[in-house]
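First to last, the protein sequences are chains C and X.
Residues in the first sequence are numbered from 1 upward in steps of one, following this note's numbering.
Residues in the second sequence are numbered from 1001 upward in steps of one, following this note's numbering.
Derived by calculation from the structure, the hints in this document are not laboratory data.
No residue lacks a Cβ here, since even glycine has one placed at the ideal position from N, Cα and C.
Fair warning: there could be bad hints in the mix.
Said to hold, decoys possible - Listed next, with one range per pair, are the computed distances between beta-carbon atoms:
| no. | chain 1 | residue 1 | chain 2 | residue 2 | range |
| --- | --- | --- | --- | --- | --- |
| 1 | X | 1561 | C | 198 | 47 to 55 Å |
| 2 | C | 104 | X | 1046 | 51 to 59 Å |
| 3 | C | 222 | X | 1155 | 29 to 37 Å |
| 4 | X | 1489 | C | 56 | 52 to 60 Å |
| 5 | X | 1561 | C | 268 | 50 to 58 Å |
| 6 | C | 50 | X | 1464 | 30 to 38 Å |
| 7 | X | 1633 | C | 198 | 37 to 45 Å |
| 8 | X | 1634 | C | 58 | 58 to 66 Å |
| 9 | C | 56 | X | 1464 | 22 to 30 Å |
Unchecked claim - Among chain X residues calculated to face chain C with C-beta under 7 Å, some are:
| no. | residue |
| --- | --- |
| 10 | 1085 |
| 11 | 1189 |
| 12 | 1446 |
| 13 | 1459 |
| 14 | 1475 |
| 15 | 1498 |
| 16 | 1530 |
| 17 | 1698 |
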Amino acid sequence: MRQLRTQSGQSPPPEVIAAKATLSSEVLRLIQGRSRIQGVAQRTQPTDRVVPGVEIAPGLFLTEALMEWGCPTPLIDTAFARWQEPVAHRRLLHFDTETTGLAGGTGTRAWMIGAADWQADGRFRVRQLTTTTMGGEAAMLRTFATWLQPDTVLVSYNGKCYDSPLLKTRYRLARLPDPLSGLRHLDLLHPVRRRWKGVWENCRLATVERELLGVVREDDLPGSEAPAAWLNYLRGGSAVNLRRVLAHNRQDLKSLAGVLLHLARLPP
Amino acid sequence: MNALPDRYASDERVLRQPGDGRMLAQRLTKRYAARITGAFVVPGREGSFAPLPDDLPPALAQALRSRGIEQLYSHQAQAWAATQSGAHVAIVTPTASGKSLCYTLPVITAAMTQHAKALYLFPTKALAQDQVAELLELNQAGALGVRAFTFDGDTPGDARQAIRLHGDIVVSNPDMLHQAILPHHTKWAQFFENLRYVVIDEVHTYRGVFGSHVANVIRRLKRVCAFYGVTPQFILCSATIGNPKEHAEALIEDAVTAITESGAPTGDKHVLLWNPPVVNPDLGLRASARSQTHRIARLAIKSGMKTLVFAQSRTMVEVLTKYLKDVFDSDPRKPARIRAYRGGYLPKERRAAEREMRAGTIDGIVSTSALELGVDIGSLDVVVLNGYPGSVAATWQRFGRAGRRQQSALGVLVASSDPLDQYLVRHPEFFHGATPEHARIQPDQPLILLDHIRCAAFELPFIGDAMFGTEVATPWLDVLGEEGVLHREGNRWEWIADSYPAIAVSLRSVADGNFVVVDRTHGRQTIIAEVDYTAAPVTLYEGAIHMIQSVPYQVERLDWEGRKAYVTRTHVDYYTDAIDYTKLKVLDCFDTSHAGCGEAHHGEVHVVRRVPGYKKIRFYSHENIGYGPVNLPDQELHTTAVWWQLPQVVLEAAFEERQQALDGFLGAAYALHIVATVAVMAEARDLQKSVGSGDGAWFVSADATGRGQIRGSDGQPATLAADVPFTPTVYLYDAFPGGIGQSEPLFHRHEDLVAQSVTLIERCDCRAGCPACVGPVLAADEEAATTPKALALRVLALLVAL
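Make the full structure from the sequences, and use the hints.
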């Protein structure tokens, strides 16, 4: 065990080692055949550890940006989602999480939540909560809950099946009340599929934004690399890719709002 | 076929009128006295009753009365009192003694009065479905408003949400709890917050590797329950085993109140031990067990008794079914009276067989061990075992299938030619007086423990010096941290990987995929059966006659990779029997130590199971009418083993001839296996023994005379030239890929194991050898000058440290 630690360059505080039980060499040898020990590399000299935003709680950073985006009408027509009534744009909260993976279950966590809404003056506000430690999660969940009002309408892309249940699980595990249940939720994936399935190669957000909004991303970090970007940072690595995930997430939120407005303006 | 009526004319001499178990036992004893080597009666019992408890909800009491339950058996009343006092309870009473009411009463009461939830775990889906059907009937009888659902792999996705939210009683299995419920426990939050009872039935099946896994799943369940602030009460049920209370306590790691006295009335149970008659006195050959089983079952069914036959293999189930169908189902216009029941049938076919048995339209059923568990098939009168099932506990569980209230039942054990069977029928007291085997588990087996700490960390983070079962988790978490699946922050260890660990952990250690059998007769493409991976090489080779409800199909093509066997309906007068054998070769020796005049080793071995061919055997005459080759990949297993060897010079000095040394090694292997199984608390099937040469050139198996027979790598009997090195080796190996960590502790205790084996043999009361020490021996050996017992002791003495 000790030897493994030396190899991996990890040096836990000595008092911790003294206080706890250790596995016998026999057991270690036995389980090393089974366990896929990778010797997680710990960087000794972290180069770039700059996370954007303000640290509003230990391990939790908030960024906030205001921009011109979308020019919505005061009431958004939601007939495309087969809703009866239009929705006031100020009630809409677009959201998208970045997670540690797609495996599902209680072991997958959101390490970042991005949310965007239109201000009273029509400007588009993008707020992003980024955790830099696992301990920052509770503060992130609490902060996000304050962004939700009883009349908030969530807007997401596949959020009904993915982001929302995942966050509900995290609230439950953190023993916090779940602020999402009971809110109305516009998941744009389904109306997009109804209209364009079979027309485009697929209905992923990247395809939809290109086809409908003409968005072409440059230097985009694919969403599938987001888990590794955070894990690398968490283990002491560089924040470069973490910042690229933030940029990616911000673009996702803008595209989400753009697609919503596009759908709302389509003839029935 | 026209000759059949005459053939069974003698039956009429036995059967004058319909009877019960006692009368049939008497008639058989009178007619076949020479074949019956042991007869005893397990006396029946008057029922012991108690009134329905006053504190039952009136609606539930009313529902019970409307279903004809006016009073309880004493054990049901005891279980009620114990559960109401808050204790964990283990109920150990025979089959068909009304065990399920022991947990149904407290569970339904809690659901009705406190909206409390219950989780039921059964080892198989079939048992779970039985249970839900029973609950629904009771619920309907009293309009109790209790909702019970099965939750298993067949539950459709859209039903799952409703079950999680609205199920009062969720009936599932340990595999689903492990892979689907615990890793998604937040979705089950409401269920867990109100969870009051966990019912685990058939706990005797949770032993060995499987049981060790299940004990860890229970640890995880308790951990998740603690998160939701509940401490559910456990109610466990078991068939008769030697250590029910201890085993239940080992599984849930808490004290349990054991209820072991059944209050259910039973009739007398007559047990006959039956040895087939000698048909060739010169060769000492006996008639087959199959012919005798057929005869007894035929007589029983003709006397109007519902009869269940247990056979040891699926092929034998089909052969016996065919024979009985030839007698009783010759008229295709009438509904079938005989059915087969075994694993490998599609679920709906098994459900149909169960329904027909319960309804009483079936008179005879032929089954593998699949019916040993509590599948509800109603009451039976006669159980015939075609061969010893391998343990005393399993024998009684099977006999337990026979018996109606107040009416005597009959159980007949028909001995096969296997030495163990022959020993048993010669020594009825071994069987009659023996206590059933103990169920053992080893939840802290390092590999199993690591797997479940991994799954547990996925479910909830570990904080501080948390315990997992009896171990402090921290050093294990360190290992998982090194592996990169956990991340430590302060004193918290949290799951960080993008993986779902429970998927990679199979509780039953078989995950190679089932084979489907596809019927292509007349251009059809119908799946007619499923066969599990381990049974496929011996039942689905090309040319095999695969019987389903005794209808023969021939395997035309086996797609090994695609896990499919294509068959067509055929009409042949033979069945096929695979020839298979196992050999072992050392790949790597990790460690060596002196062991007396020889050496003990620990290392990695390669186990090969090969099916080189099959025999064609004609129905009824059972003559061998030909062989066929089988071209299948060897079934290979890399695992760990411990083994002992003695140098050739030492053996030559100690034994006059090589045959004696081989017999000694076989006996020593038998004794070491018994001692080692106890030492690592393994199930005998998880740890295997073998005797062979150190280099895999040959191996030894006991032949029909009980003598060690050397077989070459092709499986054929061989003799060694005098100048070939002679290094017999005893192996004990883990019967699981990669090993399950039993062999290393065995290596470290190798001196102790040899010493204990010597003690075991020396203290055994037998003269020449028996199943309790060096293995069953033949009658001829009991008077031999040099007994197998002495030979085994001679080998072991050479291995005792000086």
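Hints and how they fare:
no., hint, in the structure
1, X:1561 to C:198: 47 to 55 Å, "violated (34 Å)"
2, C:104 to X:1046: 51 to 59 Å, "holds (57 Å)"
3, C:222 to X:1155: 29 to 37 Å, "holds (35 Å)"
4, X:1489 to C:56: 52 to 60 Å, "violated (19 Å)"
5, X:1561 to C:268: 50 to 58 Å, "holds (53 Å)"
6, C:50 to X:1464: 30 to 38 Å, "holds (33 Å)"
7, X:1633 to C:198: 37 to 45 Å, "holds (44 Å)"
8, X:1634 to C:58: 58 to 66 Å, "holds (59 Å)"
9, C:56 to X:1464: 22 to 30 Å, "holds (28 Å)"
10, 1085, "violated (32 Å)"
11, 1189, "holds (6 Å)"
12, 1446, "holds (5 Å)"
13, 1459, "holds (5 Å)"
14, 1475, "holds (5 Å)"
15, 1498, "holds (3 Å)"
16, 1530, "violated (28 Å)"
17, 1698, "violated (29 Å)"
Checked against the numbered hints listed earlier, the structure breaks hints 1, 4, 10, 16 and 17; every other hint is satisfied.
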